[in-house]
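Colleague: Quick note, the sequence shown lines up with residues 1466 to 1561 if you use this note's numbering.
It should be emphasised that the hints constitute simulated quantities derived from the structure, not laboratory data.
Check the hints yourself; a few may be wrong.
To be verified - Under the rule of at most 25 angstroms between Cα atoms (straight-line distance), these lysine to any residue pairs were calculated in the SDA-like manner: (1) Lys1472 x Ala1492; (2) Lys1472 x Leu1491; (3) Lys1472 x Leu1498; (4) Lys1472 x Thr1490.
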Amino acid sequence: AGVALSKLSNFTPQQLGNMAWSESTLAIRHEPLMSAIAAAALPRMWQFASQNLGNTAWSYALLVIANFPLLDAISGQALRIICDFRQQELTNMAWS
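Start from the sequences, fold in the hints, and give me the full structure.
Modeller: Here you go:
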């Protein structure tokens, strides 16, 4: 996690979503890393595609991390690109 923390500012939206997804899939609740992922994602939320949004929302929900600024930003971006969502991404968002 230490190496990832130092490089998050260079991650793409897909890489940020994948990192959050990996943490949740492995049931690792590393709060500093998840906070850093949120901080890196917020200024670039407009670049997040539907899959990135769905994976990120699902990951934070699974780990029971209520980062409200991140969730608000995910919701806003999701509304802007709702027509791009596939079934699995919509399911992930609804479950989250």
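Colleague: What hint numbers does the structure not satisfy?
Modeller: none
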